[in-house]
Amino acid sequence: MAENEKYQETLKEVDQHYQMWTQDNDKRLNRKGGWNDITDAYYGKLPDDWPYITKIVDPRIRTSLIEKNARLVNNKLRGRLVPREGSDILGAKINNVKLDFDWDNANDGGSMLTKISISDMDTRLYQSKFGLVKWKCEYNDDGSIKFEGNEFIPLDIRDCGMDSSAMHIKGAKWFQYRTWEHIEDLEKQTDTGGEPIYKYLGTIKTWLKENQTSNSGQRRKDTYVRRVPQLRGLEDRVGEDLAFPVIEVVHELREDRWIDFHPDLKLIIRDIKNPYKHRKIPIAQLRYYPLQDDPLGESEVEPVIPIWKAIQATVCGYMDEVILKMRPPLKIRDTGVQIETIIYGPEAQWLMSDVNNVVEMQSNGEAVKYFQTTYSALISAFNVAMGDMSQGTSSVTPFESDKTATEVKASLKQQNVRDQKNQNDLAEFIKDIMLMWLSNNQQFLFSNPEKQDYILRIIGDENFAYFKKAGLDEMVLEPEVARMIGDIVQEKPDMSDTELGELVETGKTPKFPVYENPKEKDPNKLVYKPKMRMARTGDSAELSIVPDDLEGTYDYIADVRSMASGATQELLDARQKALDLLLNSQSVIQYLAAEGFRPNVKELLTNTFEDLGLRDASRYFEKIETGGLPQATGGVLPNMPQPGLPTAPQAPIGGAVPEQMALPGGVPNPQAVPQGIR
Numbered sequence: 001m002a003e004n005e006k007y008q009e010t011l012k013e014v015d016q017h018y019q020m021w022t023q024d025n026d027k028r029l030n031r032k033g034g035w036n037d038i039t040d041a042y043y044g045k046l047p048d049d050w051p052y053i054t055k056i057v058d059p060r061i062r063t064s065l066i067e068k069n070a071r072l073v074n075n076k077l078r079g080r081l082v083p084r085e086g087s088d089i090l091g092a093k094i095n096n097v098k099l100d101f102d103w104d105n106a107n108d109g110g111s112m113l114t115k116i117s118i119s120d121m122d123t124r125l126y127q128s129k130f131g132l133v134k135w136k137c138e139y140n141d142d143g144s145i146k147f148e149g150n151e152f153i154p155l156d157i158r159d160c161g162m163d164s165s166a167m168h169i170k171g172a173k174w175f176q177y178r179t180w181e182h183i184e185d186l187e188k189q190t191d192t193g194g195e196p197i198y199k200y201l202g203t204i205k206t207w208l209k210e211n212q213t214s215n216s217g218q219r220r221k222d223t224y225v226r227r228v229p230q231l232r233g234l235e236d237r238v239g240e241d242l243a244f245p246v247i248e249v250v251h252e253l254r255e256d257r258w259i260d261f262h263p264d265l266k267l268i269i270r271d272i273k274n275p276y277k278h279r280k281i282p283i284a285q286l287r288y289y290p291l292q293d294d295p296l297g298e299s300e301v302e303p304v305i306p307i308w309k310a311i312q313a314t315v316c317g318y319m320d321e322v323i324l325k326m327r328p329p330l331k332i333r334d335t336g337v338q339i340e341t342i343i344y345g346p347e348a349q350w351l352m353s354d355v356n357n358v359v360e361m362q363s364n365g366e367a368v369k370y371f372q373t374t375y376s377a378l379i380s381a382f383n384v385a386m387g388d389m390s391q392g393t394s395s396v397t398p399f400e401s402d403k404t405a406t407e408v409k410a411s412l413k414q415q416n417v418r419d420q421k422n423q424n425d426l427a428e429f430i431k432d433i434m435l436m437w438l439s440n441n442q443q444f445l446f447s448n449p450e451k452q453d454y455i456l457r458i459i460g461d462e463n464f465a466y467f468k469k470a471g472l473d474e475m476v477l478e479p480e481v482a483r484m485i486g487d488i489v490q491e492k493p494d495m496s497d498t499e500l501g502e503l504v505e506t507g508k509t510p511k512f513p514v515y516e517n518p519k520e521k522d523p524n525k526l527v528y529k530p531k532m533r534m535a536r537t538g539d540s541a542e543l544s545i546v547p548d549d550l551e552g553t554y555d556y557i558a559d560v561r562s563m564a565s566g567a568t569q570e571l572l573d574a575r576q577k578a579l580d581l582l583l584n585s586q587s588v589i590q591y592l593a594a595e596g597f598r599p600n601v602k603e604l605l606t607n608t609f610e611d612l613g614l615r616d617a618s619r620y621f622e623k624i625e626t627g628g629l630p631q632a633t634g635g636v637l638p639n640m641p642q643p644g645l646p647t648a649p650q651a652p653i654g655g656a657v658p659e660q661m662a663l664p665g666g667v668p669n670p671q672a673v674p675q676g677i678r
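Quick note on numbering: my numbering labels position 88 of the sequence shown as 88, and the sequence is numbered without any gaps.
Simulated from the structure, these hints should not be mistaken for lab results.
Any given hint could turn out to be false.
As the list claims (entries may be wrong) - Calculated pairs, BS3-like style, for lysine-lysine (alpha carbon to alpha carbon, straight line, at most 25 angstroms):
1. K93 to K511
2. K93 to K134
3. K170 to K134
4. K468 to K508
5. K146 to K277
6. K623 to K469
7. K325 to K369
8. K468 to K93
Said to hold, decoys possible - Cβ-Cβ distance ranges computed for the label pairs, FRET-style:
9. I272 to P229: 33 to 39 angstroms
10. R237 to G345: 45 to 51 angstroms
11. P59 to N448: 49 to 55 angstroms
12. D256 to K529: 37 to 43 angstroms
13. N448 to R536: 26 to 32 angstroms
14. M361 to R237: 48 to 54 angstroms
15. N448 to L90: 20 to 26 angstroms
16. K12 to K529: 55 to 61 angstroms
17. A70 to S380: 19 to 25 angstroms
18. P59 to K273: 45 to 51 angstroms
19. D88 to D40: 51 to 57 angstroms
Predicted model, so just to flag it, every value in this text is computed and none were measured.
Glycine included, every Cβ here is placed at the ideal spot set by N, Cα and C.
Working from the sequences, and respecting the hints, build out all of it.
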């Protein structure tokens, strides 16, 4: 009895939540200036009672939003993890590589760049965008894993509702989203013991047969009409398939529980604990313009719909006037004219008793006279409202191309300020996704106790060089092994260098070993491999991630500016300036040397080449062979003066550090460099 009372109480709670947000969403859809009106304006649909003959649409809303979307989301994200308490930089780097891999493989419904672009566009239109952040695991028919990793699914705002007392998803007690699921897919899902995850599916199937006239599933269009197919004259076919019927399922996510239920039959088909250790509602919310009284925020389009309609009225009124000028109405006397002969066309003959019986109506032409002034003022107001480059900031007439540098700069500043604000909000949105992905990796990547390591392919000079510098592929000779080899050499003093080299190589062990059989108790039977293993071509490597690598606390910094249009060119310009400074400034070289550093020009050039589109840029650099004279193919002697490069300062071997370099603020002597930085 107690269990049934708890079930009924839970059902009452989730059903009340469902009724609350669906009623609110119906009003958001259908009210004046609501989601349907916004969609109509974006697609250029004029009101049904449009008073003008002409129905030409200036697609300014669509153009403005597409350009903003293209400016903000145009390249792959570059982000990084920052270690917090109990973490280190190497761990942050390893986890960051895994998150980059997740970003590239979260392709359900499109690439992550596409899904972030969808989120950006929908937020501008419909106030907010919600996305489901989940761990996805798919299996083949034989039970083997087909896909295992993080995923992000953008949700339709019309199918979402949350705790109305919260001002953001982070403070919400509950969140609901609605999906239409195939019954057979729900029936196939089982837990680890083989038991069905969802209950009462048989009851729902029986209800469908008794209540659906077409013997199909639940039709989505019976819940709400999707506006875009309607504007295009299409039908929403979800739920009409006889072979694969679907049902409406509402998912309520709480910090401690997940509850799935059927709203029509009032049946809870699943009630489980939140499986994620981060104990968050796994939903990310993107919102650009918050409002105090609405957790969804403000649409970017709704405030400009009146201006947009005024622009269309001005254009259509002007075109009506032009048409009247070209084909004016005729004033015809009811007698003395054969009406059937009054036809506009070449060599037409109008039959009438008096030429004055037909007179063209003359309009005043006021719409044409003031069109340019009115249209320009409305366009300027629209651009100001949308944060675009406004012609209202210029004293030059809008149809002239001559603008001063100050006017252009003022327009660009107005545009960039809005973009930067949007970038900050987008960065917070992506940060929420990435931190939940990180937690999912820590929880699920090694949930199978039989899995010893997770292998990632490392491509790209930046990560490759860092891990190699950290010694992840390094083989070392332990002191005990070195002593044993020394004893062998003493016993066999006539051992050749080749034999000694083979003996040393055999005795080396990985500096960072990864054990393939860590449960083996006999140390002599342990099988291990280096944490990073080089490919034969030397341009890539395999990195083994072990559970210890995922531990720690990190913060994520989303460099959303790297996604913006023109970010690559800005980066290339910055690197070019750095190269000019390093190669052409003798004083910079000297001060770096005084502090014990020298510029890594090769790495700077390699990254620049890759940003220019040259993959595997390292192949453009050839190592100078040590020993002997350089070859005639371009080898360079150390300290040899080269055109365009500063002469390397000389230092006597074993010389002391000059006093000017040792003292703070001292000026380095260009004739002497400390030992160890030659």
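Now the hints, each set against the structure:
1. Of the supplied pair hints, the one linking K93 and K511 holds, its CA atoms being roughly 18 angstroms apart against a limit of 25 angstroms.
2. About 23 angstroms separates the Cα atoms of K93 and K134, which keeps this hinted pair within 25 angstroms; it holds.
3. With a C-alpha separation of about 16 angstroms, the suggested pairing of K170 with K134 holds against the 25 angstroms cut-off.
4. At most 25 angstroms may separate the alpha-carbon atoms for a hinted pair to count; K468 and K508 meet this at roughly 17 angstroms.
5. Among the hinted pairs, K146 with K277 is consistent with the structure: their alpha-carbon atoms are about 24 angstroms apart, no more than 25 angstroms.
6. Simply put, K623 and K469 have alpha-carbon atoms about 17 angstroms apart, close enough for the 25 angstroms limit, and the pair holds.
7. Proximity of K325 to K369 is assessed by CA-CA distance (about 13 angstroms); at most 25 angstroms being required, the pair is judged to hold.
8. Restraint check for K468 and K93: satisfied, since their Cα atoms lie roughly 12 angstroms apart, inside the 25 angstroms limit.
9. Taken as a hint, the range 33 to 39 angstroms holds for the pair I272 and P229, whose Cβ atoms sit roughly 35 angstroms apart.
10. Take R237 and G345: their Cβ atoms lie about 48 angstroms apart, and the range 45 to 51 angstroms holds.
11. For the hinted restraint 49 to 55 angstroms between P59 and N448, the CB-CB distance of approximately 53 angstroms keeps it satisfied.
12. Separation of D256 from K529 is about 42 angstroms and conforms to the stated range, judged on CB atoms against 37 to 43 angstroms.
13. A hinted range of 26 to 32 angstroms holds for the C-beta pair N448 and R536, which are about 30 angstroms apart.
14. For M361 and R237, the Cβ-Cβ distance of about 51 angstroms falls inside the hinted range of 48 to 54 angstroms, so the restraint holds.
15. Checking the proposed 20 to 26 angstroms range against N448 and L90 shows it holds: the Cβ atoms sit about 25 angstroms from each other.
16. Hint check: K12 to K529, Cβ distance near 57 angstroms, so the stated range 55 to 61 angstroms holds.
17. Range check, A70 to S380: Cβ separation about 22 angstroms, and the 19 to 25 angstroms hint holds.
18. Restraint check, P59 to K273: a C-beta distance of roughly 49 angstroms satisfies the suggested window 45 to 51 angstroms.
19. At roughly 54 angstroms, the beta-carbon separation of D88 and D40 lies within the given 51 to 57 angstroms, and the hint holds.
The earlier numbered hints are all upheld by this structure, with none contradicted.
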